[in-house]
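Listed below, chain by chain, are the residues.
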Amino acid sequence: MDIVQGLAQGFATALTPINIFYVLLGCIAGTLIGALPGIGPPAGVAILIPLSFGMDPTTAMILMAGLYYGAMYGGTITSVLVNVPGESSSVMTTLDGYQMALKGRAGPALGMAAFASFIAGTFSIVMLMLLAPPIARAALAFGPPEYVGLLVLGLTAVTTLVGRSQIRGILSGLFGLMLAMVGLDAISGGGRYTYGSVELLDGIDFLPVAVGLFGVGEVLVSIERLIDLKPMKAPLRTLIPTLEDWKRSLSPIARGSVAGFLLGVLPGAGATVATFIAYGLEKRFARRRSQLGTGIIEGVASPEAANNASTGGAMIPLLTLGLPGSGTTAVMLGALIMLGITPGPLLFQQRPDFVWSLIASMYIGNVALLILNIAFVPAFVWALRMPYSILASVILVLCIVGVYSVNYSTFDIWIMFAMGVLGYGMRKLDFPAAPAVLALVLGQQLETSLRQSLLISRGSLEIFVTRPIAVTLLALALAVLVVPPLLRRFRPDIQRELIAGEEI
Amino acid sequence: MRRSLLVVAVLLVVFGAYFTVVAFELPYFQRITPGPGFFPRWVGGLFTVLAALLFINTLRNREELDSSWPDRPGWLNIGVTVGVLAFSILLFDRLGYVLSMALLMLVTMAMLGRHRLPVIVGVSAFTSIGTYLLFSTWLRVPLPRGVLGF
Chain A
1 MDIVQGLAQG FATALTPINI FYVLLGCIAG TLIGALPGIG PPAGVAILIP LSFGMDPTTA
61 MILMAGLYYG AMYGGTITSV LVNVPGESSS VMTTLDGYQM ALKGRAGPAL GMAAFASFIA
121 GTFSIVMLML LAPPIARAAL AFGPPEYVGL LVLGLTAVTT LVGRSQIRGI LSGLFGLMLA
181 MVGLDAISGG GRYTYGSVEL LDGIDFLPVA VGLFGVGEVL VSIERLIDLK PMKAPLRTLI
241 PTLEDWKRSL SPIARGSVAG FLLGVLPGAG ATVATFIAYG LEKRFARRRS QLGTGIIEGV
301 ASPEAANNAS TGGAMIPLLT LGLPGSGTTA VMLGALIMLG ITPGPLLFQQ RPDFVWSLIA
361 SMYIGNVALL ILNIAFVPAF VWALRMPYSI LASVILVLCI VGVYSVNYST FDIWIMFAMG
421 VLGYGMRKLD FPAAPAVLAL VLGQQLETSL RQSLLISRGS LEIFVTRPIA VTLLALALAV
481 LVVPPLLRRF RPDIQRELIA GEEI
Chain B
505 MRRSLLVVAV LLVVFGAYFT VVAFELPYFQ RITPGPGFFP RWVGGLFTVL AALLFINTLR
565 NREELDSSWP DRPGWLNIGV TVGVLAFSIL LFDRLGYVLS MALLMLVTMA MLGRHRLPVI
625 VGVSAFTSIG TYLLFSTWLR VPLPRGVLGF
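Line by line, the protein sequences give chains A and B. Residues in the first sequence are numbered from 1 upward in steps of one, following my numbering. Residues in the second sequence are numbered from 505 upward in steps of one, following my numbering.
What the hints contain is simulated information worked out from the structure, not anything from laboratory work. Beta carbons: idealized from backbone N, C-alpha and C, even for Gly. Careful, some of the hints might be misleading.
Just some of the chain B residues that point at chain A, by a computed CB distance under 10 Å [claimed, not checked]:
| id | residue |
| --- | --- |
| 1 | Asn561 |
| 2 | Asp570 |
| 3 | Asn581 |
To be clear about the criterion: a stretch of chain A counts as covered by chain B if any three or more of its residues have a C-beta under 8 Å from a C-beta of chain B, and this derived list gives those stretches [what the hints assert, rightly or not]:
| id | stretch |
| --- | --- |
| 4 | 288-298 |
| 5 | 307-320 |
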């Protein structure tokens with residue numbers, strides 16, 4: 001199916017009333033979750049999953065994706081008006097965004113952020129549309145050894161590039177693999193680590209773990225010290241940026257879009273790192289670079305472009321290889337598997353309707369978000385006034401009912417509870433949570449591919465060295481593992497830019 | 505924080521070692537195929553080694569840490585929330601969905617915020633009954649009904 005034909009069919013599906021409703025719902029929920037600190041996109045998507053049961057998988061994915069990129073828009077509102085980032089991906093926006101608000105220019109800051117997000121988001125969907133099919137076609141030749149290489153590369157990238165400590169990242173990833181081993185062994189059919197429990201024989205589902213680590217864990221961290229957000233009363237009559245603002249923002253938006261897209265494709269980098277790199281680029285290339293941080297529009301346009309461009313990029317490995325690069329996309333992968341869709345190279349052949357409808361819905365969603373974030377900003381600002389004490393208790397209830405709805409199991413709620421407490425401890429001690437969830441989702445596939453490879457080779461590890469693609473992927477994984485510590489030793493300045501923050 | 509990380513590293517070594525020991529009870533190879541014990545041994549072993557490395561690195565001050573534990577009111581918030589969360593999960597099947605969730609919300613809101621009683625009761629009732637209707641009526645999830653029949 002060529003692009004034009006695919007896209008036409010995609011729009012036909014995406015423009016049905018039910019899909020329009022869910023893309024709008026996803027975008028509104030995403031903007032809210034983005035704007036509210038104390039709940040992030042991975043928890044948001046995880047809580048949505050039970051709602052999507054019984055839905056057509058395409059509609060479910062349209063909803064989840066809408067929330068994912070919608071959150072990138074929403075984060076700006078809190079950054080600019082409260083000086084508190086709604087998400088880690090809008091930390092950089094606080095620097096110039098809040099300064100602009102202090103100068104009475106909150107309106108143009110928010111307006112330009114919305115336009116930059118829209119341009120960059122659309123750019124990244126175009127790139128997704130052009131690049132994903134050929135990548136999927138190339139990946140069709142992958143056998144078990146190549147999948148081992150791919151999965152190892154994906155996991156090492158996420159465990160290494162995320163957070164401040166490589167060891168803690170890898171430990172988190174290995175913990176996810178350990179969780180994935182609980183239950184029936186996929187190949188021999190025997191039970192492992194079940195301790196005679198019927199519930200554990202079924203294995204540990206990813207949803208209670210994801211909801212616990214991301215949702216409950218985040219609530220516990222946020223209630224340590226409750227701050228009621230007081231959005232500044234900024235004049236929002238003029239959300240449309242001036243011509244001067246546009247002239248200054250065009251190159252930053254272009255730079256941010258390209259950097260954001262590329263970093264989105266890389267596993268482990270993602271939106272947060274993208275904003276740090278984009279802001280770094282402005283410090284080097286912007287004409288008014290010396291004024292960055294004092295409230296100039298370039299400092300808002302570029303990171304906001306970058307975090308949105310990363311979303312389309314992140315969809316490429318997720319859809320073509322089944323390899324998510326961040327917490328949110330890992331949760332989406334888990335959800336898709338539950339809905340009976342297996343992302344990977346075959347998806348583009350077997351379910352082109354799914355892929356193209358998703359892409360079409362992303363175009364629609366970005367238009368909707370642009371309108372939402374220009375016309376309805378006051379509504380979202382109003383929502384920020386909800387005290388976190390109320391929000392926290394509502395989130396906890398949604399976590400519980402969501403987890404229960406999957407297997408009707410109170411045991412799953414206990415797992416969520418345990419993971420919530422664990423997630424709190426992990427956050428405090430800087431163990432990133434995303435690698436654990438990602439490894440849990442991918443663990444079984446990694447083990448099965450590994451054992452299948454060794455079955456093909458009759459137990460010889462040579463198979464990973466003699467197949468060119470497999471060896472390249474494994475060599476890259478080794479490089480990902482070895483280069484950051486070397487950088488840390490010899491070029492601490494570069495390393496500091498790379499460990500910007502945990503991508504969630 | 506450094507001391508906490510040291511303690512955690514020791515716990516992780518113990519956990520990893522235990523996981524690996526259990527893995528040794530599973531068959532490593534079944535004829536020419538790697539068996540169910542193959543992957544757990546390697547993962548568990550690596551986990552144990554890295555946890556030990558984390559301990560050594562932390563001792564030598566080479567692990568960055570920049571958050572701190574909460575103050576007393578912070579611990580109180582977390583303790584009460586975790587406690588009431590566990591309590592309402594414990595009573596989830598017996599009390600039923602609506603009551604146990606209302607209890608959870610009443611306590612957390614009263615603890616964390618300064619709201620008037622009608623607000624707390626209203627929000628709890630609205631959310632627990634609203635989600636009950638949404639999930640059990642619309643999505644047909646058999647939520648536990650408990651003592652009151654809902």
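Going through the hints against the structure:
Annotation: Asn561/B was flagged as interfacial toward chain A, and the flag holds, the nearest CB pair being 7 Å apart, inside 10 Å. Because the beta carbon of Asp570/B sits about 7 Å from the nearest beta carbon in chain A, less than 10 Å, this interface hint is met. Taken as an interface hint, Asn581/B checks out: its beta carbon lies about 5 Å from the nearest beta carbon of chain A, inside 10 Å. A count of 0 residues in the stretch 288-298 of chain A with a Cβ less than 8 Å from any Cβ of chain B is obtained; the coverage claim is therefore unmet, three being the minimum.
Counting residues of the stretch 307-320 of chain A whose C-beta lies closer than 8 Å to any C-beta of chain B gives 0; at least three are required, and the coverage claim is violated.
Consistency note: the structure conflicts with the earlier hints numbered 4, 5.
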